[in-house]
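Using the sequences and the hints, build the whole thing.
Number of protein chains: 2
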Amino acid sequence: MSLVAVGTVAFDVIETPYDSAQDVLGGSATYAALTARLLSRQVGLIAVVGHDFPDDYVRLFERKGVDLAGLKIDPARLTFAWGGRYGEDPNQRTTLFTDLNVLTTFNPVVPPAFRESRIVLLGNLDPYVQLRVLDQMAHPEFTVCDTMNYWIANTPALLNDVLQRIDCLVINDEEARQLSGCQNLADAAEVIKSRGPRILVIKKGEHGAILFDETQVFLLPAFLTASVQDPTGAGDAFLGGFCGQLARESAITAGALRRAMLYGTVMASFAVERLGPDGVVHLSLDAVVQRMRAFKRAVAWPDLC
Amino acid sequence: MSLVAVGTVAFDVIETPYDSAQDVLGGSATYAALTARLLSRQVGLIAVVGHDFPDDYVRLFERKGVDLAGLKIDPARLTFAWGGRYGEDPNQRTTLFTDLNVLTTFNPVVPPAFRESRIVLLGNLDPYVQLRVLDQMAHPEFTVCDTMNYWIANTPALLNDVLQRIDCLVINDEEARQLSGCQNLADAAEVIKSRGPRILVIKKGEHGAILFDETQVFLLPAFLTASVQDPTGAGDAFLGGFCGQLARESAITAGALRRAMLYGTVMASFAVERLGPDGVVHLSLDAVVQRMRAFKRAVAWPDLC
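Here the protein sequences line up with chains A and B, keeping their order.
Counting from 1, one number per residue, gives the positions in the first sequence under our numbering.
Counting from 1, one number per residue, gives the positions in the second sequence under our numbering.
Among the clues, some could well be false.
As the list claims (entries may be wrong) - Below, simulated DSBU-like cross-link-like pairs (lysine-lysine); rule was C-alpha separation at most 30 Å, straight line:
hint : chain 1 : residue 1 : chain 2 : residue 2
1    : A       : K296      : B       : K193
2    : A       : K193      : B       : K204
3    : B       : K204      : A       : K204
4    : A       : K204      : B       : K296
Claimed, not checked - Partner residues are not named here, just some residues of chain A that face chain B (Cβ under 10 Å, in silico):
hint : residue
5    : L71
6    : I73
7    : I210
8    : Q216
9    : V217
10   : P221
11   : I252
12   : A254
13   : M261
14   : Q290
15   : R291
16   : M292
17   : R297
To be verified - Derived Cβ-Cβ restraints for the label pairs, each shown as a range:
hint : chain 1 : residue 1 : chain 2 : residue 2 : range
18   : B       : R165      : A       : S227      : 51 to 61 Å
19   : A       : V191      : B       : T98       : 34 to 44 Å
20   : B       : V191      : A       : K296      : 39 to 49 Å
21   : B       : Y18       : A       : Q92       : 41 to 51 Å
22   : B       : E174      : A       : E174      : 38 to 48 Å
23   : B       : G181      : A       : R59       : 24 to 34 Å
24   : A       : Q136      : B       : R198      : 56 to 66 Å
25   : A       : L304      : B       : T98       : 49 to 59 Å
26   : A       : S227      : B       : T104      : 19 to 29 Å
27   : A       : E174      : B       : E190      : 23 to 33 Å
28   : B       : A226      : A       : A226      : 32 to 42 Å
The hints are simulated quantities; they were obtained by calculation from the structure and are not laboratory data.
Cβ atoms here follow ideal geometry from the backbone N, Cα and C, with glycine treated the same way.
Structure representation (structure tokens):
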């Protein structure tokens with residue numbers, strides 16, 4: 001296995017000013033796995049769903065080449081469900097509900113075939129689950145973790161354990177400020193890196209992302225898309241593109257990390273263009289490559305006189 | 001004359017969480033001229049001040065090579081004064097006061113030596129004054145204009161006349177949304193360009209800037225600075241760097257516009273690092289060139305496998 005992804009698989013309810021969707025496939029592991037599989041030869045999913053999880057969704061993952069040996073179906077509980085509503089400004093999100101259901105008792109088991117994976121993607125969920133997955137991995141080459149404000153505020157000790165065991169943290173600007181207590185992102189990066197991860201990526205949504213590696217900073221704008229339908233899963237799609245690219249690199253160099261930033265950004269740009277997971281479900285590697293070319297033209301530096 | 005800049009020259013009162021300053025030199029023309037003069041061989045200033053404007057400030061401009069033949073001193077009135085307070089988040093600004101004083105009766109006169117200028121920089125002030133300056137120019141090669149929410153809301157007809165007579169509008173994202181009625185910036189750019197300017201630059205503060213030229217988009221992040229002391233004048237410094245670079249280009253090509261974006265961004269990064277105008281007053285071309293190198297390293301694309 002080249003890449004193992006743990007995270008949530010959910011039923012999402014999404015309301016935007018233009019459209020809405022009920023019980024569509026969602027969750028951090030869903031968006032991450034469905035983007036990573038476009039780049040990484042093998043993607044193994046570790047997640048839990050309930051007895052109500054439809055076969056159609058199982059087959060969707062399988063058809064896309066995602067290995068479900070690590071998907072647990074809990075016969076006693078319902079699938080995790082989340083609902084969100086976006087305003088005219090897609091950065092304004094209201095959470096309508098969060099029904100944890102199967103997540104309350106999730107104790108992940110990493111299948112033997114997954115344990116030798118080079119890249120470990122810890123999608124946003126309880127840091128306890130992230131730690132349990134790390135415990136079962138043999139000797140991953142590179143470990144990448146996402147988290148969110150809820151875990152920063154409510155499980156700081158567990159999250160601290162995670163930080164000390166990962167290579168790279170990928171969070172958004174608001175979370176970086178909350179986690180570090182610093183307003184300035186350069187200061188925030190110093191504080192966060194001193195707590196564990198050698199590498200930090202700060203996502204800024206429509207404003208791009210910043211990579212802090214061991215010695216340098218890489219500033220990358222977001223791809224400008226004319227159609228932002230639904231920001232749900234954009235950060236997870238970024239993570240999937242980022243880790244998927246790392247999985248096809250022969251070594252995790254400074255150049256590899258910058259390339260991973262490009263693929264994360266392009267995957268996120270597709271995720272927001274359609275409602276729910278459609279932007280990543282129906283995505284082809286050809287479309288990714290074409291957008292990468294357009295992206296390169298849009299950020300190309302002129303010659304300096 | 002290669003570049004003529006019209007705008008405000010002000011006394012600023014600035015309060016930040018860390019520091020404060022009384023009656024420092026400020027205004028859109030001040031920041032624009034003091035950055036443009038680092039790049040453009042000749043910079044002519046068109047502005048008005050009151051009888052209270054100190055000789056020291058006049059000499060400062062002259063020492064920096066800014067031609068003051070277009071600076072009117074109104075013996076009957078006080079200099080324009082503005083006060084602002086910033087929160088911990090430097091994007092949160094409260095205007096403490098705005099005393100228009102000399103601006104209420106300003107009718108600009110462009111000195112004969114300025115009329116043949118190649119580049120015209122219309123800094124943020126009353127669009128009536130911007131139009132009066134345009135009326136007096138012989139045949140500028142490229143005209144660049146800034147404005148703000150106040151003029152968009154209160155003088156739409158005058159601003160519309162300006163839009164039809166300029167080559168390039170430089171505004172921030174909030175203003176672009178207000179002016180166009182579009183939330184999405186790609187949509188906003190289409191609407192704004194349909195109203196006149198061939199070229200549009202949307203500034204996004206710490207998140208960078210976007211250039212929409214006649215056929216392409218150029219996405220540029222901001223330079224990441226560890227020290228943001230005072231955002232006052234950052235947008236004007238961007239405009240000064242942008243126009244200053246255009247003034248030293250032999251023709252206004254797509255490459256020239258992208259280079260202008262780089263210099264605008266670097267100038268703005270210096271403006272925010274010190275309180276009031278100090279970041280641009282004490283700036284040298286050497287420092288600009290060095291930062292441009294660091295900026296280039298920080299945005300350099302990796303090879304794509």
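Can you verify the interface hint for M261/A: is its Cβ closer than 10 Å to any Cβ in chain B? holds, 9 Å
Closer than 10 Å between Cβ atoms is the bar; does I252/A clear it against chain B? Give me holds or violated. Not OK, violated: I252/A not within 10 Å of chain B, min 13 Å.
Restraint satisfaction for I73/A [CB to CB of chain B, less than 10 Å]: Violated: closest Cβ of chain B sits about 38 Å from I73/A, beyond 10 Å.
Should the hint that L71/A touches chain B count as held when the rule is a Cβ pair under 10 Å? Check failed: Cβ of L71/A comes no nearer than 31 Å to chain B, outside 10 Å.
Proposed interface contact between P221/A and chain B, which counts if any beta carbon pair is under 10 Å: holds, 4 Å
Proposed interface contact between Q216/A and chain B, which counts if any beta carbon pair is under 10 Å: Constraint on Q216/A satisfied, holds at 7 Å.
Range hint compliance [Cβ, R165/B to S227/A, 51 to 61 Å]: 33 Å Cβ-Cβ, so the 51 to 61 Å window is violated.
Would you settle whether the hint for M292/A is holds or violated, based on the nearest Cβ-Cβ distance to chain B being less than 10 Å? OK, holds: M292/A within 10 Å of chain B, min 7 Å.
Falls inside 38 to 48 Å, the C-beta gap from E174/B to E174/A? For E174/A against E174/B, whose Cβ atoms are near 19 Å apart, the range 38 to 48 Å is violated.
With a cut-off of 10 Å on the beta carbons, see whether I210/A makes it to chain B. Since chain B brings a Cβ to about 7 Å from I210/A, closer than 10 Å, the hint holds.
Is it true that S227/A and T104/B lie within 19 to 29 Å of each other by Cβ? Since S227/A and T104/B have Cβ atoms about 45 Å apart, the given range 19 to 29 Å is violated.
Can you let me know if the beta-carbon spacing of V191/B and K296/A is within 39 to 49 Å? Violated - the Cβ-Cβ distance for V191/B and K296/A, about 27 Å, lies outside 39 to 49 Å.
Consistency note: the structure conflicts with the earlier hints numbered 5, 6, 11, 14, 15, 18, 20, 21, 22, 23, 25 and 26.
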